[in-house]
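Asks: Using the sequences plus the hints, can you model the full thing?
Take a look at the letters that make up each chain.
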Amino acid sequence: MALFRKKQMAKDESYYLASQWTLMWRKLKRHTLAKISLAILLVLYLGALFADFIAPYGLEEFSSVYKDTGPTKVYFTDENGKLCRPYVYKLEKFNNRETWTVEIRENTEEKYYLDFLVEGQEYKFLGLIPSNLHLYGLVNEAGEADRSARINILGADSAGRCIFSRVLFGSQISLTIPFVSAAISFVLGILLGGISGYFGGFLDTAIQRVIEVISAIPSIPLWLALSAAIPPDIPVSTMYLYITVILSFIGWTGLARVVRGKFISLRNEDFVMAAKLAGVSDFKIIVKHMVPGFLSYLIVNLTLGIPGSILGETSMSYLGLGMKSPATSWGVLLKETEDLVTVAQCPWKMIPLIFVIVTVLAFNFLGDGMRDAADPYK
Amino acid sequence: MLKYIKKRLLLFIPTIIIISIVIFFIIQLPPGDYVSSYVAALAAEGETFTPEEIAAMRADYGLDDPWYIQYFNWVKGIVTEGDFGYSFEYGRSVWSVIMDRLYLTLAVSFVILIFQYAVSLPIGIYCANHQYSAGDYIWSFIGFLGTATPNFLLAILMMYWIYMATGEVYLGLFSHDMLQNGLRMEYLPEFLFRCLIPLIVIGTSGTCGIIRTVRAQMLDEQVRQYTLTARAKGCSEKTIIYKYCLRSALNPVVSGMSGSLRTIFSGSTVSAIVMNLQIQGPVLLQALKTQDMYLAGTIVMIQAILVVVGTLLSDIALAWLDPRIRFSERG
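Sequence order for the protein chains is A and B. Each residue of the first sequence is one higher than the one before, counting from 1 in this note's numbering. Each residue of the second sequence is one higher than the one before, counting from 1 in this note's numbering.
Certain hints may be false.
[To be verified] Below, in silico cross-link-like pairs of lysine-lysine (DSBU-like), each with a Cα-Cα straight-line distance of 35 Å or less: (1) K289(B) with K262(A); (2) K76(B) with K6(B); (3) K67(A) with K82(A); (4) K324(A) with K90(A); (5) K111(A) with K90(A); (6) K29(A) with K288(A); (7) K111(A) with K67(A); (8) K29(A) with K67(A); (9) K262(A) with K233(B); (10) K73(A) with K90(A); (11) K289(B) with K243(B); (12) K233(B) with K243(B); (13) K238(B) with K262(A); (14) K82(A) with K93(A); (15) K289(B) with K27(A); (16) K29(A) with K73(A); (17) K27(A) with K262(A); (18) K276(A) with K7(B); (19) K284(A) with K124(A); (20) K29(A) with K284(A); (21) K35(A) with K276(A); (22) K124(A) with K111(A); (23) K67(A) with K6(B); (24) K262(A) with K7(B); (25) K76(B) with K289(B); (26) K73(A) with K124(A); (27) K67(A) with K27(A); (28) K262(A) with K243(B); (29) K3(B) with K262(A); (30) K238(B) with K27(A); (31) K3(B) with K324(A); (32) K324(A) with K73(A); (33) K124(A) with K35(A).
Hints listed in this document are in silico derivations from the structure and should not be mistaken for laboratory results. Predicted, not measured: the structure shown is a model, and the values here were computed from it.
Replies: Shown next as structure tokens:
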């Protein structure tokens, strides 16, 4: 009994002594969906980080034979139906003498075996260590890496490039741009919304008008004008930065409104008055005393804002305003599926959509879980 | 209340002026102008112009002036003569180009707006009242899926499914027969069916957002003290939900109304391109790309003004709905 009570007390104590963040984390761990989402996102981000290694082919590596071909068939049984080492056949062009068309068919004479850690295109691991090993690839009968046959587990695009590799490389952009742009809108939103709500008066009116103007202009002309203003001949990485900034310039207004509302309601609280009387500077009151009061809310808002940017990027690329091939992002990949014919004939080109949906859902569920965790009354 | 409306109306005019300046500036921002994109397009077909010809074209349209002078001339035309400028691309006045599609655009946008609220409010209330039931999960799942799918892909997928099911491709709002024989009552069912696709495609993203907001708000309100009091006093559940909870839960929904109007305008552009709808969006995109600036400027202005009017109306509705806002403005 005494032991039990002691344990109980220790539990209570750890509850009362835990910081706000520890409490949030504990509640989040109980939220199953949020936990699963967090794990999925972790996998996706690791995929983006190690894209060079996991992807069997480089960003621009193509094979014209494999143009518009579906996922490569992997065989697990040999001719006699016995289980064996997984292998694939090479695709080759062949003239059909009856129909006078060029067809693609499997060459069943040679087998190419699936293997791990296969040599392929050179890259720099994490941008530092030069390497040419890829997680998986094909080897010939002699056990040497062979690039003439290809394994496209998710099929190939209209240029004969491996869609899975491109999804991975695309995630390097699609998963980071929204993060950076959400972070920029976050800072702008807190800063301008904070100034507006804390000081009020003329500044408030001015900032509110700016928000009203920005949020009244439909986003397509804004995107178009701003992205047309980007010089076309700049490197991909710079282009990427510009797109980030464009997305964040549009995204901050919603957050600023919320922050302003929070500031107005907190402005008259006793603890703010006390800090003011104690001679604390305005900046310090905002950063040290007021923002922590609703920081958890803001983090949730940030999490929920990211899926919006991911979708925004896809629309932008679809309209041809975002990234352009051969550079890739999920939007660029989805641009391939722009008509009915493609969807009917090459349904595997829709696979990047699954990645988009899963990511957006994961961020949404994580955000929901965090909202519940941040709510002290639940 | 009247004073509040008057104050908001007074702020309306400077906002519109600022928006028009910003829009004009933004449209001017990309390098080049209509003449340069026109020359480039014709050069691709093998026709060439001398620099003198190009300069003469520019001078004709006043494209050499700085942007603020062009802006001033444009606004002067609108205010004094109701002339919104000249569309280079179509070779006629901007207003006549816009009138081609204005009614359909407005009709489509407002029908979608009404559809969004008509569908999402009852579902949101249902989900809140039956929290964690099968219906709640199903609707939440559909809602999440709808927000997570990019509009244009949803459009393609829906057209594909309909094609697989019926063997017909539904592109645009009018079929060949309708365009040939004019509008007759017998085409009404088909027309409505054709409307349904853009309605669902453009409407879903917004609908899901509203469902989630309403659900969360209603759940928040139901644990409040006043709900408990009302229940203790023996009010019927109906009264509690519709008279008390819903009223305060509507606040963010109403204030988000102008935002959803803006989303509809943007969302419909992308979907309209996929589905070949005869609305303003694709015209706007084309005009922006070819730098047909007066046409682009006027369309964007109309959309922006509608959004500002929407904000105004939703603010007034909010003040009517929520006495706290009304009284704080009065004091």
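Asks: Work down the list of hints and note, for each, if the structure agrees.
Replies: Cross-check of the supplied hints:
1. K289(B) with K262(A): 41 Å, violated
2. K76(B) with K6(B): Holds - the C-alpha atoms of K6(B) and K76(B) are around 27 Å apart, at most 35 Å.
3. K67(A) with K82(A): Roughly 32 Å between the alpha carbons, so the hint for K67(A) and K82(A) holds.
4. K324(A) with K90(A): 30 Å, holds
5. K111(A) with K90(A): 8 Å, holds
6. K29(A) with K288(A): Holds. K29(A) to K288(A) sits at ~28 Å (cutoff 35 Å).
7. K111(A) with K67(A): 21 Å, holds
8. K29(A) with K67(A): The hint is violated at about 45 Å.
9. K262(A) with K233(B): 33 Å, holds
10. K73(A) with K90(A): Holds. K73(A) to K90(A) sits at ~10 Å (cutoff 35 Å).
11. K289(B) with K243(B): Violated: K289(B) and K243(B) sit about 50 Å apart, past 35 Å.
12. K233(B) with K243(B): Distance of about 15 Å is within 35 Å: holds.
13. K238(B) with K262(A): 32 Å, holds
14. K82(A) with K93(A): 29 Å, holds
15. K289(B) with K27(A): Cα-Cα ~50 Å, so violated.
16. K29(A) with K73(A): Outside the cut-off at roughly 40 Å; violated.
17. K27(A) with K262(A): Holds, at roughly 24 Å.
18. K276(A) with K7(B): Distance of about 33 Å is within 35 Å: holds.
19. K284(A) with K124(A): 44 Å, violated
20. K29(A) with K284(A): Status holds; Cα separation ~33 Å.
21. K35(A) with K276(A): 41 Å, violated
22. K124(A) with K111(A): 30 Å, holds
23. K67(A) with K6(B): 64 Å, violated
24. K262(A) with K7(B): Measuring from Cα to Cα gives roughly 24 Å; hence the hint holds.
25. K76(B) with K289(B): 25 Å, holds
26. K73(A) with K124(A): Judged against 35 Å, a Cα distance of about 30 Å means the pair holds.
27. K67(A) with K27(A): Status violated; Cα separation ~49 Å.
28. K262(A) with K243(B): The given pair, whose Cα atoms are some 27 Å apart, holds under the 35 Å limit.
29. K3(B) with K262(A): Within the cut-off at roughly 26 Å; holds.
30. K238(B) with K27(A): 34 Å, holds
31. K3(B) with K324(A): At roughly 52 Å apart (the allowed maximum being 35 Å), K324(A) and K3(B) break the hint.
32. K324(A) with K73(A): 30 Å, holds
33. K124(A) with K35(A): 33 Å, holds
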